[in-house]
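Visitor: Whenever a hint applies, use it, and build me the whole structure from the sequences.
Protein chains in written order, with our numbering: chain L, 460 to 793; chain P, 460 to 793.
A few of these clues could be false.
It does not matter which identical chain is used: a pair holds within one copy or between any two.
Unchecked claim - Heads up, simulated SDA-like pairs for lysine to any residue below, C-alpha to C-alpha not over 20 Å straight-line: (1) Lys583 - Gly760; (2) Lys583 - Glu552; (3) Lys583 - Asp682; (4) Lys583 - Ser550; (5) Lys583 - Arg679; (6) Lys583 - Gly595.
Calculated directly from the structure, the hints in this document are not laboratory data.
Given next are the chains, with one letter for each unit.
Number of protein chains: 2
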Amino acid sequence: MLQGPLAVSLGDPAGVGPELIAAAWARRDQLDLPPFFVAGGPEVLAAAARTRSISLPVAQIFHPSEALACFGAALPVLAGADGDYAPGAPSREGSELALASLTEATRLTVEGEAEALVTGPIAKARLAQVGFDHPGQTEFVAEACGVDPGDAVMMLAGPTLRTVPLTVHIPLEQVATALSEALIERKGRIVAMALIRDFGIAAPRLAVAALNPHAGEDGRMGDEEARVIAPAIARLRAEGIAIDGPFPADGLFAPRQRDTFDAALCMYHDQALIPLKALDFDSGVNVTLGLPIIRTSPDHGTAFGIAGTGQADPGALIAAIRMAGECATRRYGA
Amino acid sequence: MLQGPLAVSLGDPAGVGPELIAAAWARRDQLDLPPFFVAGGPEVLAAAARTRSISLPVAQIFHPSEALACFGAALPVLAGADGDYAPGAPSREGSELALASLTEATRLTVEGEAEALVTGPIAKARLAQVGFDHPGQTEFVAEACGVDPGDAVMMLAGPTLRTVPLTVHIPLEQVATALSEALIERKGRIVAMALIRDFGIAAPRLAVAALNPHAGEDGRMGDEEARVIAPAIARLRAEGIAIDGPFPADGLFAPRQRDTFDAALCMYHDQALIPLKALDFDSGVNVTLGLPIIRTSPDHGTAFGIAGTGQADPGALIAAIRMAGECATRRYGA
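Guide: Below, the structure is given as structure tokens:
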């Protein structure tokens with residue numbers, strides 16, 4: 460049992476965030492979800508719930524500590540910003556609400572008023588129009604924690620697989636140049652530590668994907684494996700981390716091989732996200748490792764195109780809430 | 460019913476090829492496999508069958524036309540090269556046998572004595588030591604057909620997914636430079652034609668994967684989508700091909716999206732092979748499109764490490780044999 464609630468940010472109110480929060484709350488007992496509150500948006504949440512025929516009593520609260528008592532009977536929503544619900548029609552006002560909710564939920568978690576942070580999906584380009592000058596929510600949260608965004612490591616976690624993209628939002632052509640021994644080592648250490656501390660894996664096994672086809676085939680198709688990746692692996696092994704590779708990336712996520720590791724370190728965005736979304740689409744969680752707080756997020760976007768239609772699957776948000784609760788219990792004790 | 464048999468090459472005799480051929484033949488009735496013969500290696504095949512406790516009568520034949528009559532009672536093996544069976548211990552003699560078998564099976568298919576070619580797994584680097592100077596079997600077969608290897612298109616096909624890597628055995632860093640509108644158009648046409656002619660899909664739907672994360676996100680993470688990929692797609696659409704994209708590659712193989720196309724054109728090796736092996740590992744077939752003959756191959760290597768242990772799964776070879784028979788029936792008529 461957690462000491463306090465999780466903080467959930469609304470996401471873009473024109474996206475699927477609000478309706479999925481309502482859907483998750485409606486299944487709180489059935490799935491034994493940890494208690495959470497939403498930062499702002501009571502009217503948006505109530506209206507979004509109606510589009511899915513969810514009966515959603517909203518309990519306006521003024522402090523996170525009030526959430527535990529009312530979570531069973533109503534969705535606790537922190538008094539603050541609100542707006543109109545216009546699914547599929549993102550607006551400047553909606554972006555401002557999304558940013559206010561993210562800012563407040565993050566602040567409360569950093570200050571220890573919430574046990575963990577779960578962020579709803581935003582549209583980065585739209586948030587940029589209202590003053591959000593970060594590449595994504597991960598970097599925003601890292602800065603709020605006083606952590607160098609380079610030390611905030613994105614891990615994608617599903618029931619089948621955990622993958623970590625070591626480079627993220629850069630053109631594919633720049634990936635080889637962006638990789639370095641130092642990068643692999645720094646992020647490898649953060650992943651190993653997080654699997655022990657937050658995921659309860661006493662001796663985590665890491666697998667490292669190669670950059671080039673067939674892991675470069677002895678240098679015939681690229682030399683980054685020998686020049687950059689293998690030395691970094693050797694150094695991490697020397698520190699006692701159970702890490703192996705580089706393995707040809709195409710076979711690494713095949714049924715038998717994916718059972719041999721707890722997380723795969725991947726060289727670029729799609730190498731990590733293709734297998735995760737192919738295998739764990741409706742239950743993939745984006746976890747930020749290396750922070751003083753616990754932060755998770757569903758591994759999907761705002762999905763403006765289907766917002767308000769009832770088609771969006773709450774599986775990933777539910778998995779993000781559950782994982783945030785589990786990690787917090789492990790890190791802070793039950 | 461085919462007019463003739465399929466030709467199967469042995470693959471490296473120290474790998475899993477021979478035992479999987481024996482395992483496939485043993486299930487010929489149960490799975491209603493099309494008749495096939497093997498080019499050479501009768502002793503190797505008999506010894507490999509014993510490691511899996513398969514009762515394998517071998518019928519030595521001198522011409523492919525003899526295969527149909529005996530296939531029900533024995534595995535037809537064309538008289539020719541043979542050798543010792545030493546699983547897991549590749550040798551120069553073994554490489555020579557593999558090359559002789561490949562050469563003979565290819566020749567007979569090109570000359571029309573066999574309906575299609577199924578190649579067993581080889582170790583390229585080892586074959587190179589005995590004079591094989593092609594990047595892989597695909598290029599070897601293309602040249603034997605008098606086709607520019609650039610027009611021989613590799614497609615990976617499983618029960619869940621078909622993917623085509625537009626660039627293959629090059630370093631990841633060179634992929635962006637290797638892509639061109641002309642390349643995408645030429646291979647896109649070959650894939651569309653093959654799906655109609657050999658796979659019986661009257662109006663094939665092609666999806667094109669983006670190169671960069673989030674399909675470049677309007678140029679913020681690379682411009683190849685707008686500069687190279689989109690114009691090629693537009694031109695193919697103007698020719699009447701149902702082709703769409705570029706789509707962010709990470710979502711393209713997720714459950715709902717992968718049902719919207721018959722084949723995905725991918726920008727690089729691992730983009731095509733990661734999802735295929737994650738989803739269809741033990742039944743992935745490598746099909747060469749754009750040739751005057753039909754050629755398939757199991758989508759796995761020699762697996763020297765488990766050869767002779769009985770662990771190798773014959774699913775992919777069986778799928779390759781079945782697909783070769785189906786494609787031949789469609790192309791040449793029943």
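Visitor: Hint by hint, work out which the structure violates, then give me just those numbers in ascending order.
Guide: Nothing - there is no hint that the structure violates, so all of them hold.
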